[in-house]
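Participant: These protein sequence lines are chains A and B, in that order. So in the working numbering, spot 119 of the first sequence is number 119, and the numbers just go up one at a time. So in the working numbering, spot 198 of the second sequence is number 198, and the numbers just go up one at a time.
Calculated directly from the structure, the hints in this document are not laboratory data. Glycine residues also receive a C-beta, built at the ideal position from the N, C-alpha and C atoms. Among the hints, a few may not be true.
Under the rule of at most 35 Å between Cα atoms (straight-line distance), these lysine-lysine pairs were calculated in the DSBU-like manner [stated by the list, open to error]:
{"hint": "1", "chain 1": "A", "residue 1": "K17", "chain 2": "A", "residue 2": "K101"}
{"hint": "2", "chain 1": "B", "residue 1": "K99", "chain 2": "B", "residue 2": "K78"}
{"hint": "3", "chain 1": "B", "residue 1": "K104", "chain 2": "B", "residue 2": "K78"}
{"hint": "4", "chain 1": "A", "residue 1": "K208", "chain 2": "B", "residue 2": "K78"}
{"hint": "5", "chain 1": "A", "residue 1": "K208", "chain 2": "A", "residue 2": "K101"}
{"hint": "6", "chain 1": "B", "residue 1": "K99", "chain 2": "B", "residue 2": "K162"}
{"hint": "7", "chain 1": "A", "residue 1": "K242", "chain 2": "B", "residue 2": "K11"}
{"hint": "8", "chain 1": "B", "residue 1": "K11", "chain 2": "B", "residue 2": "K104"}
{"hint": "9", "chain 1": "A", "residue 1": "K17", "chain 2": "B", "residue 2": "K99"}
{"hint": "10", "chain 1": "B", "residue 1": "K11", "chain 2": "B", "residue 2": "K162"}
{"hint": "11", "chain 1": "B", "residue 1": "K78", "chain 2": "A", "residue 2": "K17"}
{"hint": "12", "chain 1": "B", "residue 1": "K11", "chain 2": "A", "residue 2": "K17"}
{"hint": "13", "chain 1": "A", "residue 1": "K43", "chain 2": "B", "residue 2": "K162"}
{"hint": "14", "chain 1": "A", "residue 1": "K242", "chain 2": "A", "residue 2": "K43"}
{"hint": "15", "chain 1": "A", "residue 1": "K101", "chain 2": "A", "residue 2": "K43"}
Derived contacts from chain B toward chain A, CB cut-off under 8 Å, selection only [unchecked claim]:
{"hint": "16", "residue": "G42"}
{"hint": "17", "residue": "Q199"}
{"hint": "18", "residue": "I201"}
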Amino acid sequence: MAASPVPSKSASAFELKADAFTLPVIRLLALDMDSIAVELEAKVAQAPAFFMHTPVVVDLSALSEADADVGFPQLVGLLRGLGMIPVGVRGGSLAQQEAAKAMELAILGDTFKPRRREDGPQLAAEHAAVPAPDPVGAVATPESPAAPVGIETGPTLITRPVRSGQRVYAAGGDLTVVAAVNPGAELMADGNIHIYGALRGRVIAGLKGDTSARIFCHDLQAELVSVAGHYRVSESIPPELKGQRVQVYLDHEVLRIEPL
Amino acid sequence: MARIIVITSGKGGVGKTTTAAAMAMGLAQRGHRTVVIDFDVGLRNLDLIMGCERRVVYDFVNVINGEANLNQALIRDKRCDNLYVLPASQTRDKEALTKEGVGKVLEDLGQGHDYIVCDSPAGIEHGATMAMYYADDAVVVTNPEVSSVRDSDRMLGILSSKSRRAETSAEPIREHLLLTRYSSARVERGEMLSVDDVQEILSLNLLGVIPESQAVLNASNAGVPVILDHESEAGQAYSDMVARYLGDDVPMRFINSAKKGFFSRIFGG
């Protein structure tokens, strides 16, 4: 049996699967390590919880000098010092990628599908508009087959209906929706979530484990509510709470739904 | 430039092709130079509904591939001089529709026409996204039942993110709701969602409500767009819908079931 290339089901200790993750991307626009440090520290100070133990990817594709020495040892040290976990690089020249490998960073493929219009003047304009590595612009938009996630950083306000199949994630902050959240839509936030329209979709507050996060809604018809990993599906929400104004919170590891 | 209208839904069998044929005919009859395109490559139906299936020589994919020019592929409607049909290919699959190819055809058609009506295939895959990519207006065809409403909701999300207008941050696509196969009697018995129920979820500009009608099936079988059947409620409702699209203020009809009188109840009128 040991020689068999296909281990029997009960014997396998792991499954090999592919999955897509959304990681913040730090897109380097210049190589002045001092100004990178100053700007990064300012960014991290705005949302320390967002960056703590967060894997990040360094994007080299926007650098003008193709073969310049990035100084990966300093860069990795800087990112680690700020609590981030640098995991890989994207883009850059072969020499830069070799230097990244020497620092045990993974070389990640270009996840963006070729979009012709991205080359040329539009890209340059984008750079001009984003002078510093800005978390809002820099967080990767996953081009995975899964539904696109609209990622926002800090307090986020959504004024249009969130429709079936749409996902909104407020990283490091609260999410407020003043329209309906329809069946099959998904809201996620690291902080609290407020919904002022009918709530018919899925809502996940405290996505990164904040047990003090809460969900507030005006009309509870949700498919699923979750705070810091504790969840209830529609079936296990008491019928007398359906259609009510409620808050959802964690009380000693028990998910409570309470009328407001 | 012509205004590009996509007739879409997500779900199949809700009346997209019937609507595309009726709307194109309605616009053409009001004097607008109109062309209706079948995007359902591989499952061609629009030619049957338009009654031109025996005159198809070249098709949409031939034009995209440069095997025929537009004038060879366009079929002029026999009932209305302002209306042309661009049929789909039955022998290819939807991958034959390229973004560049579709864009070029729509641009060329835009020179000589006022409206281009795109009949989208069901689903949210390549064919459907190609049909909506260049749209200026979207008519979301929905039946008053929960699965159709959810699929329309999904399609609206895609319209707001994957169209050319969304990608270039232009003014968003104008979205309209068309409720089809509506039976006010069944709504009253609680067997069907009402207009208000659907609007509560989709909250869109309501372009019209088309009542369930045998006339639609009869018209399809005869290859005559149902809007030409002026006697039928469905035909009248489509005429109202086209008028509303063009900016007329027309009251909604056929939403409330007529209280049946004693005789009609007895004689099943």
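Participant: Next, verify each hint and record whether it holds.
Facilitator: Here's how the hints hold up against the structure:
no.: 1; hint: A/K17 <-> A/K101; in the structure: 24 Å, holds
no.: 2; hint: B/K99 <-> B/K78; in the structure: 31 Å, holds
no.: 3; hint: B/K104 <-> B/K78; in the structure: 27 Å, holds
no.: 4; hint: A/K208 <-> B/K78; in the structure: 64 Å, violated
no.: 5; hint: A/K208 <-> A/K101; in the structure: 30 Å, holds
no.: 6; hint: B/K99 <-> B/K162; in the structure: 12 Å, holds
no.: 7; hint: A/K242 <-> B/K11; in the structure: 28 Å, holds
no.: 8; hint: B/K11 <-> B/K104; in the structure: 28 Å, holds
no.: 9; hint: A/K17 <-> B/K99; in the structure: 33 Å, holds
no.: 10; hint: B/K11 <-> B/K162; in the structure: 18 Å, holds
no.: 11; hint: B/K78 <-> A/K17; in the structure: 58 Å, violated
no.: 12; hint: B/K11 <-> A/K17; in the structure: 31 Å, holds
no.: 13; hint: A/K43 <-> B/K162; in the structure: 31 Å, holds
no.: 14; hint: A/K242 <-> A/K43; in the structure: 41 Å, violated
no.: 15; hint: A/K101 <-> A/K43; in the structure: 27 Å, holds
no.: 16; hint: G42; in the structure: 22 Å, violated
no.: 17; hint: Q199; in the structure: 11 Å, violated
no.: 18; hint: I201; in the structure: 6 Å, holds
Hints 4, 11, 14, 16, 17 from the list above are not met by this structure, while the remaining hints are.
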